[in-house]
Amino acid sequence: MSDTAWTPDQPLVSIRDVHKSFGDLEVLKGVSLDVMKGEVICIIGPSGSGKSTLIRCVNALNTIDRGSIMVEGQEVHDPDLDKLELRKKVGMVFQQYNLFPHKTALENVMMAPLKVLKQPPDEVEKRARALIDRVNLTGKEGAYPGELSGGQQQRVAIARSLAMNPDVMLFDEVTAALDPETVNEVLLAIKDLAQDGMTCILVTHEMGFAREVADHIYFTDRGIIVEHGPPTTFFSEAKDPRTQEFLSQIL
Amino acid sequence: MKYPLQGNTDLAVLKPFNYSPAGSVQDLQFSRWLAEFSPRSLLWLALLACLWPGIVLAQSNYTMAQALDALWRWLPFVVSKGFVLNLVVSFLTMLIGTIAGVILGLGQISPIRAVARTSWFVTQLFRNSPWLVLLFIVMLAFPFEITIGSTVYQIPDWLKAVFGLALPIMANISEIVRGAIQSVPTGQWEAAESLAYTRQQTLWLVILPQCFKRMIPPWMNWYAILTMATPLISLLGVEEIVTLSRQAMEAEDNHPELLVPFFGFALIIFFAYCYPIARYTLRLEKRFAIIQ
Ligand SMILES: Nc1ncnc2c1ncn2[C@@H]1O[C@H](COP(=O)(O)OP(=O)(O)OP(=O)(O)O)[C@@H](O)[C@H]1O
Ligand SMILES: [Mg+2]
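Residue numbers (this note's numbering), protein chains in the order written: chain A, 1 to 251; chain B, 1001 to 1292.
Take these hints with a grain of salt, some might be off.
What the hints assert, rightly or not - The list that follows gives simulated cross-link-like pairs (lysine-lysine, DSSO-like), each with its CA atoms no further than 30 Å apart:
{"hint": "1", "chain 1": "B", "residue 1": "K1213", "chain 2": "A", "residue 2": "K115"}
{"hint": "2", "chain 1": "A", "residue 1": "K103", "chain 2": "B", "residue 2": "K1286"}
{"hint": "3", "chain 1": "A", "residue 1": "K103", "chain 2": "A", "residue 2": "K140"}
Please keep in mind that the hints were generated in silico from the structure rather than gathered at the bench.
The shape of chain B in the complex, shown without the other chains:
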């Protein structure tokens, strides 16, 4: 394998170009916040929530008990058709976002300057764009159906939403990968290079195995953020938990008393799902910090 000489840049790989990233993607702020949520603050929230309909709508004759009863009846539907879709979307988004993000992150450290710059630009673009805008663009720009051979496939909205959400996830994973690779001391590159490793061998045999673990906690942190963000897609009409809750409330004649139980339940179920992830993320981070 032959390498072109690269002008006067020694080890250009390690310093693609200077810029200051817009905040570190590696920090686990979100997980930390979530994991430190005390049960007591939850209780306070619940209490406040119970007071709400009583104060605002004292004249109504629809009681809280009826509202809770309605929630109870709709619960299986909201969870099995709604929340499950949120989870499916979060899995698929993470899968696609991770694969694309790893490729983009490796692109950012490419010795080919054009590749590195393009990858950096794409990363920054999608990292710093509002998720909802990205979602709308993808929803509207994507074709509604794809024709392969003679069969026409309808692309469901939720699948388009997956691609929309995968863009910012991809960009943040790209930053995680780049940051982790660059956190490995340059001496490791030099040692491998002087042992005649190719760039690919250096990356896959020496560098990535050393920083793989470092990427897991921030990756999980982004998974939790993503999951919490999936209700955004209800704005696009995807029938996930929030959309279905609203449909259920409509079927129950839109009593305002229904709001708190239904959306409160949505909050709780997301919290219950993400809280253990956040705790585990922090535990992993601590464990890896000790190893290193």
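One chain only, chain A, in its complex shape:
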């Protein structure tokens, strides 16, 4: 545990030798990576390699067995950790959107700042409308999730997460469940965020997108990071045969 104040020159998220098993299945076998403030990293890799498990550990949706995860200098897996405080700093967007179906788009975005952060309603509403506007959904404020397309729902989900003013955003294959036509609108929203300086950890299969927005790309296979590097070298100079095979299949 670190009580020293975190400063922006230190990694915002620091993952050190993380191990995690589900029963007998060891899903993470010593993963380490750092994310600086404002950095965008992409995690790629075959299905079942533990990508989702890894990023779910960052906001304590999953526990870890060994190792350390620090967010702004705070150990995530300290038993005394205030999980709610952590989650106010870490936003997450899921593959299946997981919008609240009984609430409109606007209410979905407003709910957490209102009920969790207890911010004043007028201010929250103003910010929520601005966020919906920012993800290009002006006019859809009153729509229920069931009335929106997958891409639209996913953009509401992004806005909902942003409404908490997080310091880092986690994206878990957020375009994997979408129709091809709507993938782009969601990627654009994320790119806009990234360019705005938001720290992002993305699990994605969109290689073109990763190449474009990522500062660093990590390739995982069977619970370890096999290879990593900036996109300029990662795609052209992959050395590990597993990375090469994966890239040849997907590109």
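Since the structure of chain A is provided, determine the placement of chain B with the ligands on it from the hints.
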């Protein structure tokens, strides 16, 4: 609010432990059966009923007309003192059973393992016990009077019966609540959790509003079952419709011809009361199914 880490169980809330419930409480078998009761089968029943005294007791000189006349005279008494009590018992039982059942159902999904297990055990115990046995236990175990301060309150039998019937109702409502909550996809819990909702907030703001409607049809189904079961308490001497019918027949010298009119009337009045409830239950279920 701080959460203790829970070993290696992620989202323990959603899978308290594995077991197979003894049949689903959510199915509306009873309402379906009741709602599909055709008027024609009722007519046949009535015809058969009219034949009964004629065949068995042909030698008697007490006629069916006299029996019906007796019923007619006793009817206001049987309904206003008897059936009304059945209804009062059904309302109160449902009220108490629902409140206790919701608490128990929420207990079943508690992240505190001991609470979840205890609630599950209590639920299974009362769901699978014969109602009459529960009734007898409560009748005999409860004190006859309660002293508060210097006043002594007599607890009427029918009130004890309410508590007896409320136990199985509570257990079945508990299962309805647990089932409905667990029917909400885990993604909803995770989304709320990652937005820093507390468990209580997640439950009350996100999960329960989504499954509230799903609970209404099975809840009504249990109300109809309960109402039909209220004559059980006549076995304990509570003066509800069946007890009063028997008292009335006794006053009419216990002619066997009285049986069919009196008990037939009891059947009809319960049917008339529960049939619309069953129809409405099924309609609601269909409507909610379309929404989802
Ligand atoms: N809660 C859980 N309980 C048991 N096993 C799990 C659990 N969550 C994940 N797993 C297992 O852990 C392994 C890694 O899963 P994970 O979802 O992290 O992979 P992934 O890299 O995200 O794959 P995908 O690309 O398919 O999303 C899989 O074999 C999966 O079955
Ligand atoms: Mg995954």
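Hint by hint, here is what the structure shows:
1. Between B:K1213 and A:K115 the CA atoms are separated by roughly 23 Å; this keeps the pair inside 30 Å, and the hint holds.
2. Taking the CA atoms of A:K103 and B:K1286, the gap is near 22 Å; set against the 30 Å cutoff, the hint holds.
3. As the CA atoms of A:K103 and A:K140 are separated by approximately 12 Å, the hinted pair is consistent with the 30 Å bound.
Of the numbered hints given earlier, the model fails none.
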